[in-house]
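> Okay, here's what each chain looks like letter by letter:
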Amino acid sequence: GDSVTQMEGPVTLSEEAFLTINCTYTATGYPSLFWYVQYPGEGLQLLLKATKADDKGSNKGFEATYRKETTSFHLEKGSVQVSDSAVYFCALSDRIQGAQKLVFGQGTRLTINP
Amino acid sequence: EAQVTQNPRYLITVTGKKLTVTCSQNMNHEYMSWYRQDPGLGLRQIYYSMNVEVTDKGDVPEGYKVSRKEKRNFPLILESPSPNQTSLYFCASSFGQGSTDTQYFGPGTRLTVL
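Going down the list, the protein sequences come from chains A and B.
Position in the first sequence counted from 1, then plus 13, gives you the working numbering.
Position in the second sequence counted from 1, then plus 4, gives you the working numbering.
It is worth saying that the hints were derived from the structure and are not from the lab.
A few of these clues could be false.
What the hints assert, rightly or not - Chain A is faced by these chain B residues, among others (derived, beta-carbon under 10 Å):
{"#": "1", "residue": "Gln10"}
{"#": "2", "residue": "Pro12"}
{"#": "3", "residue": "Leu47"}
{"#": "4", "residue": "Arg48"}
{"#": "5", "residue": "Tyr52"}
{"#": "6", "residue": "Ala96"}
{"#": "7", "residue": "Ser103"}
{"#": "8", "residue": "Thr106"}
{"#": "9", "residue": "Gly110"}
We treat Cβ as the ideally placed atom computed from N, Cα and C, and that holds for glycine.
Could you put together the complete structure from these sequences and hints?
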């Protein structure tokens with residue numbers, strides 16, 4: 014079945030450092046790929062998405078490119094801020110038997126120190 | 005304000021005492037679902053609903069029930085809670101059922117079953 018594997022955390026960086034969180038997937042169909050972010054005490058919210066191969070999603074300085082050849086969707090940001098501290102989830106969405114199926118990775122906790 | 009609301013936000017109960025967690029969305033979304041979040045496992049889908057009176061099992065439905073009598077509401081029912089249902093629960097909704105649709109999440113309900 015479909016699955017998502019994320020880089021294990023926790024990840025701790027200093028402010029202005031470069032961030033990469035790795036995400037790879039397996040899927041039987043042609044999924045859409047998402048990054049969701051969960052700030053402390055809140056629900057998940059969409060950070061960015063890409064719906065087909067070679068698409069690049071971007072938002073708030075974060076980017077991720079849908080790489081079909083390597084089945085990856087790595088999250089990057091050039092200069093992180095303390096406010097980026099959160100848990101990040103990679104997810105894929107596919108239609109299985111007529112219904113949307115959303116599969117999440119295990120989450121990566123990111124802490125940015127000033 | 006467009007949102008998904010859940011109540012209660014925190015609940016401590018005892019084994020076997022029936023409980024209901026409510027979920028409501030004000031975006032006229034067709035698709036709603038429930039997830040549980042456990043450390044190291046990401047989010048796993050419990051049940052989903054494609055429209056009023058249409059519900060189906062997700063990946064971990066055992067011990068849970070749902071209903072969808074109105075489009076905006078999707079309560080989660082635990083008829084006889086057990087300690088292994090201690091978890092963080094999220095309700096989510098989306099406009100449609102396509103794989104590109106963004107999920108909107110509620111703030112979460114932290115349940116402890118003693």
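> State for each hint whether it applies.
How the hints compare with the structure:
Here the hint on glutamine 10 of chain B is kept, as its CB sits about 8 Å from the closest CB of chain A, short of 10 Å. For proline 12 of chain B, the interface hint is violated, since its Cβ never comes within 10 Å of a Cβ in chain A; the closest pair sits about 15 Å apart. The beta carbon of leucine 47 of chain B is positioned within 10 Å of a beta carbon in chain A (closest approach about 4 Å), and the interface hint is therefore held. Below 10 Å, beta-carbon pairs count as interface contacts, and arginine 48 of chain B has one with chain A at about 8 Å; its hint therefore holds.
With a cut of 10 Å, the hint placing tyrosine 52 of chain B at the interface with chain A holds, because the nearest CB-to-CB distance is about 7 Å. Taking 10 Å as the C-beta contact cut-off toward chain A, the hint placing alanine 96 of chain B at the interface holds, the least distance being around 8 Å. Given hint, serine 103 of chain B at the interface with chain A, holds; its Cβ is 4 Å from that chain's nearest Cβ, closer than 10 Å. Proximity of threonine 106 of chain B to chain A holds as hinted, the smallest CB-CB distance being about 5 Å (cut-off 10 Å).
Taking 10 Å as the C-beta cut-off, the interface hint given for glycine 110 of chain B holds, the closest approach to chain A being about 5 Å.
Going down the numbered hints, you'll see the structure goes against just number 2.
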